[in-house]
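Read top to bottom, the protein sequences are chains A and B. In terms of numbering that gives the first Met the number 0, the first sequence has 39 at position 40, counting the first letter as 1, and numbering is strictly consecutive. In terms of numbering that gives the first Met the number 0, the second sequence has 4 at position 5, counting the first letter as 1, and numbering is strictly consecutive.
Any given hint might turn out to be false.
Said to hold, decoys possible - List time: in silico DMTMM-like cross-link candidates among lysine to aspartate or glutamate, alpha-carbon distance up to 25 Å:
(1) 16/A <-> 92/A
(2) 61/B <-> 92/A
(3) 16/A <-> 106/B
In short, the hints are calculated from the structure, not lab data.
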Amino acid sequence: MGSGTNIGKVRGLGSAKHGGSHWISQRTTAVGNLLLTTWLVASLLLMPNFDQATLALWLAKPSVAVPMILMLVSIFWHARLGLQVLIEDYVHDDALKFGAMTLLNFYVVGGAVFGIFTVAKLAFTGAAA
Amino acid sequence: MGHKTTRPLSPHLQIYRWSPQMAISIMHRATGFILATAGMLTLLWWLSAIGGGASSYAVFQKYVVSAGDDGSGFELACNWFFRLVALTVTFSFFQHLFSGLRHFVLDMGAGYELKTNRTWALAAFVAAIFATALVALVVASRVIGV
Numbered sequence: 000m001g002s003g004t005n006i007g008k009v010r011g012l013g014s015a016k017h018g019g020s021h022w023i024s025q026r027t028t029a030v031g032n033l034l035l036t037t038w039l040v041a042s043l044l045l046m047p048n049f050d051q052a053t054l055a056l057w058l059a060k061p062s063v064a065v066p067m068i069l070m071l072v073s074i075f076w077h078a079r080l081g082l083q084v085l086i087e088d089y090v091h092d093d094a095l096k097f098g099a100m101t102l103l104n105f106y107v108v109g110g111a112v113f114g115i116f117t118v119a120k121l122a123f124t125g126a127a128a
Numbered sequence: 000m001g002h003k004t005t006r007p008l009s010p011h012l013q014i015y016r017w018s019p020q021m022a023i024s025i026m027h028r029a030t031g032f033i034l035a036t037a038g039m040l041t042l043l044w045w046l047s048a049i050g051g052g053a054s055s056y057a058v059f060q061k062y063v064v065s066a067g068d069d070g071s072g073f074e075l076a077c078n079w080f081f082r083l084v085a086l087t088v089t090f091s092f093f094q095h096l097f098s099g100l101r102h103f104v105l106d107m108g109a110g111y112e113l114k115t116n117r118t119w120a121l122a123a124f125v126a127a128i129f130a131t132a133l134v135a136l137v138v139a140s141r142v143i144g145v
């Protein structure tokens, strides 16, 4: 095994010294998910009806748009960290792993931006007819 | 395999004897995957349908919630497909939530004694099933009108 030399670490024989930040981010976003998805579930249960007009007015309110955008950031970030671990554990081929990680990054960034833009547009320009 | 490794690999699922403790671990991964794919994609569709206006929301309503009595066979099949998705995502949400709370406790260094660990693993499953049933009942009575 490696003797702790630099080349030994590069070959995967030592810690990359980045594990801690991944773990902390996963827990931080988990707390965010806990608070924000609980808020969403409670809001849905208290919703008077599910007409588009009602939902659009609800979503456009700052007190709803802000936590919704925060929730999107938190859940997509958390999903990025979790699915990364799945890929690292189950995709053993280096090229496939690189491709899967690229797709994952495109998915979470694209999905989060799409969701945030949708909410922001409603909040800033009002509900479409 | 891209490269040969001589390091020992962790044995896979078929090696372990099933117990609540190992089941909750693999379920945490499985439910996380379901939430990250089916759950978040449906959430995005819902948000963009609200933002897209009444006609846009009607499409979401028709395929995901209910096509009504005059819905085509394909639309009704979609309704049942999404009811299954909704049930799976709801269970995944609560399972991942309670399993995640268990992880917070474990992160603090508590709950590793064998009996305690087993008890809380079982409790998370029970809580998830109970919460899913509760939501299913509320949705069935309020939204679909069953």
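Quiz item: Holds or violated: are the alpha carbons of residue 16/A and residue 106/B at most 25 Å from each other?
Solution: Satisfied, since the Cα-Cα distance of roughly 20 Å is no more than 25 Å.
Quiz item: Between residue 16/A and residue 92/A, is the straight-line Cα distance small enough, at 25 Å or below?
Solution: Given pair residue 16/A, residue 92/A holds - Cα atoms ~23 Å apart, limit 25 Å.
Quiz item: Between residue 61/B and residue 92/A, does the CA-CA distance stay at or below 25 Å?
Solution: violated, 42 Å
Violation of the numbered hints given earlier is confined to hint 2; every other hint is satisfied by the structure.
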